[in-house]
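The task is to assemble the complex, starting from two chains supplied on their own in separate frames and drawing on the hints.
Okay, here's what each chain looks like letter by letter:
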Amino acid sequence: MSNVFAAAAEKWNKSRQASKDHKAQVENALKNKEIRLVDLSFIERNRMSQGYLLALKIKKVAIIVARFVLFFGLSFLILQPILSKISMSFMAEKDLYDSTVINIPAHFTLDNYRVVSELMAYGKCLGGSLFYSAFLAVLQVAVCTLVGYGFARFEFPFKKFWFFCVILTIIIPPQTISSALYLHFNYFDILGLIKLITGHTVNLRGSALPYILMSGFCMGLKNGVYIFMTRQYFRNVPRAMEEAAYVDGSGTLRTFVQVLLPDAKPIITSCFLFAFVWQWTDAYYSKLFLGNADLLSTSLSGLGDRFNQYMQREHGVIGVGTGYTSAIISTGTLMVIVPLIILYLFEQRGFTESLAGTSVKM
Amino acid sequence: MNKKHRHLSMRTRKAIAGYLFIAPFIIGFIAFLAKPLIDSLWTSFCKVTFDNATNSFSKNFIGLANYKQAFNLDPKFRQLLTEEISTMVIRAISVLVFSFFISLLLNAKFKGRALVRAIFFLPVIVSSGVIVGIETNNQLLSQVADQMKEANTFSSISGTIEKILTTAISGGIGSSVLSTLFEVIDGIYDVAIASGIQIIIFISGLQTISASVYEAADIEGCTTWEKLWKVTFPMISSLLLVNVVYTIVDYCMMRSDSELMTKIKTEYVVNMNYGFSSAMSWIFFVCVGAIVALVTFIISKWVYYYE
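Sequences listed follow chains B and A, in order.
Residue numbers for the first sequence follow the numbering used here, so the first one is 1 and each next one is one higher.
Residue numbers for the second sequence follow the numbering used here, so the first one is 363 and each next one is one higher.
Bound conformation, chain A alone (with noise of 0.2 Å):
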């Protein structure tokens, strides 16, 4: 060991050898990540436009132009984002809602749970990635499907009682609050393959919690609804921070194919709108990061942790 060697403190080495851990990644991060980030937020204030005469591209700063053509002028993306937006705040809660209860039900003992634990993790290895929406990737194949969800509705039983519903509650507030619940039913396919590690997550979440927690509760006299709000869900609240996240990040990840970015595609590749198409993508980060942090915010200030 040479003499300048010696001179480091343990805390100093300490921190090199981390950072030399985490080297990669920081690399990473300069290399692939903050450098087209950074760049694609600078094309997002800039008309690009493609000079054939030296094969490249030129940037022009025009400032909040792509901006204020997305919001004021384009005629769709303002209905897209919103759309976007709320069915993403929807899938999240229904997700979570979901997998706390399923999660709730599987801890429980009983037989076949490890058939019915494996089946409910089985989407997360068989529907991801090009798997989901391999049917309607195909144009002809998804309006066939659309015709037969519309038969559907009026022909099977939960239509029929559907329909007895929204003529029974009109207007108002009610009749918003019944769509947005039959829209969540109706998903309520796309929101059990969603829930696979969701649920995984909550059930580890669940065997945490010490017996000694529920026998004391008991003691006190509380009814198992009690325990549940009162025990159980504040023991795991800290996982739904985690989940939140998770599930946001995999809906994005997941819906490569929504209107929203086949039209950010769109102006991408065929109308070759460079500027444009990068200032509607930061806008939706925007607003998915303002979400992911505002729910972090939330639920951190009331999350329990024991320890």
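Pulled out of the complex, with its shape left as it was, chain B reads as follows (with noise of 0.2 Å):
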């Protein structure tokens, strides 16, 4: 037994001298720059360093392992919903209540989409959502652009208490004022002029007048936080190039449109870009004032119950299973955010960009 011991521990110290001797040999030639410090392998740098090297390493490998399953869990997290929508959307009905077909789809079938595009009146709607989304952005960005400059450059009296104001629009849920904006547009009246001349109040619910008009003076969706954007953007820009417009003789509104704008573009594309992105999908205002129009918002937040009306009404099926219907539901998701995912996969740069420059200072 001894003997084993004694050969081990033998072994062990002629070893130890070995590598002591290599040590020795390999400090010798670094030192007569024969070799290179690169030259040597992970592992004699390592011993040189005293097993200071490896720590360093394990501890790199294990931040790049840890972020990598971090990421990987929370984009998982994030990413679930949609993928597990685009599954379910190919799935026939049986697949939906047969528990072995798991996010592959044994019936693979494009039918909810012809169903959900039936329901929704698909091209209608998505032509109705392009149309307003763009318009009212497009207003919505022009005089939120205005009112962002006038608060970033100029002085006058009461500016605190309007930007306070911009506050307080930003921060007032809407379903505060909505009742109240029901009533206001139901009997709508400038100042009392309209009933002077035609002896009753205007109902303007039901078109889109209100919504549009509301848009155009800084109340739509929102808004607040645009006015607030442009102005963080234009404060930041140095007032040189104002000045010497001004000095040739340049209007204030002439040098906001010819010197300021062109520099303004990625502020402007990227509210242009949330204006949209966020009237698409909005249904509370648009419900309450663009109730007629053929929006994709409306019209998604409807689709359960239209899907069971024409579940009855086409094959005499009552009460549809839930699986189904959450299907169908998620189909119409789906069709709804694809041009979004799209518009953000090419103008992704545009959203997150111009962010940045928003948020210096309050």
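Calculated from the structure, these hints are not laboratory results.
Where is the CB? At the ideal position from N, CA and C, for every residue including glycine.
Hints are not guaranteed to be accurate.
Heads up, incomplete: computed chain A residues facing chain B, CB under 7 Å, no partners named [what the hints assert, rightly or not]: (1) F383; (2) I389; (3) S490.
Here you go:
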């Protein structure tokens, strides 16, 4: 027994001696510039750094692995609803209730898309959504840019008060005033003038006019945010350009349009994209004011009930299974967000880049 | 240029130009916000009755009765309000913490960073407005979802851990803290999809910090941990304010289907109880406003502006 130990100890000592010799050899070679440090193997360098290199390497790899796991998990968390919607949208009804079918449809079908596009009047609604979102976004951003510039560059009495009002429009939940607005537009009147002329107030509800008016006067969806963003941007632009323009005799508006606007393209693009996207998905204001227009968002919100009616009418099925209904709703949701995702893929920079300059200082 | 114009000083002219620029906002504010706002404030002090004969509403001033009803008589309002506000506060804090640390991680260089950033920002595009809660809008589906959640709590790993921990620490402050924590973790998806813009804002703030500050800190012998709290955090503290306000506002906008909002809406649409409904929404609004003001006050006290 002791023999074995002795042999092992001797072997150990020998190898230590060998490594010591080797170390001395390497150090000598390094000193005499026969080899360079980078030519050494990792193990050798680690030995010379007394284990520091290995620890560093382990730390580095651990960080990379941990980061990968974290981001993979979170990205999956964010994408999972979309992915599962995609897989559900291609499933036939029996796949939905088959517990052996997970994610990959056994009976691949495009029927869901056909039914949904019929129920939502997809073509018509797509056109409507495109038109309204683009039109309202252009209008809102144009006006908000003007206002933002006004807040950024001019000194006038009650400026603080009006800016407080901008913040107020951001933080008031639309629900607080929606009821009053509802009545406001039901019995619309401008300072009693219309009543004076025609004898009665105008009912503007049901037409798109109230919302266009609101958008034109900075009261649309999240317009306070766009004012805030453009104001932050213009505050950071150096004044020299404008002053040069003023000296050359350019007027205020002309200076704004010809000197400042061309450089403000990123922030305007970004505001436009946000306005477009939020208008596209908004159902609250749309339902309240654009009830008659064919919009994807409003037609999506009633899709489930409409599907049940459709099944009853066409196939005589009463009480469609929840799985099927949810597959239909998923398909509908996908069809609504696909144009947005395409937009995002092409304009990703436009969305994120100019947010950078907006938040410097309250 | 006529004579009258020449007499105006540069300053006055600038002021007029400024007012002209913000005129659309002023008009819009007065016409579409101030009026409805005052209307609804006034309504909240009134009893509104609908007169079928003349097809019009009449408002009788009844003082604080609606508010008293909300606080003292209504069985659910106080509970819903505290629930709504406490979830809002918890959500705001968790979104801030989450987006702060994610932005720190996303600011470092690594492969696939652009992709991860794109994914984290995606919910801003696709999870807004009608898309949020489209599944729970359908009553049947939300029931199924609730049942599945119930079933999952007892079969998953996290459910088991939760059970063990709650049994281990029962009673006292510990368990309530723990249950809040579990709520946050359960709602990590909601937190992640609500953090898109905040992450971008934090990242943009991180990128404005000049490398020389970090170099100076290195020379002084700061560890990475110290640099985080002594350099990074103060330098982007001004963005905290923007993000807090944004988070709270976004939360209020997004949660149009919360129980409190549903209650307000039902009182309004179904029960035609306009005064009471207005009073409730005003109480909620004042609470939110007070929180925003308080947070703004506290944060702006110690925010550090580097200039």
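Exercise. Run the structure past the numbered hints and jot down the numbers of the failing ones, going up.
Key: No hint contradicted; all consistent.
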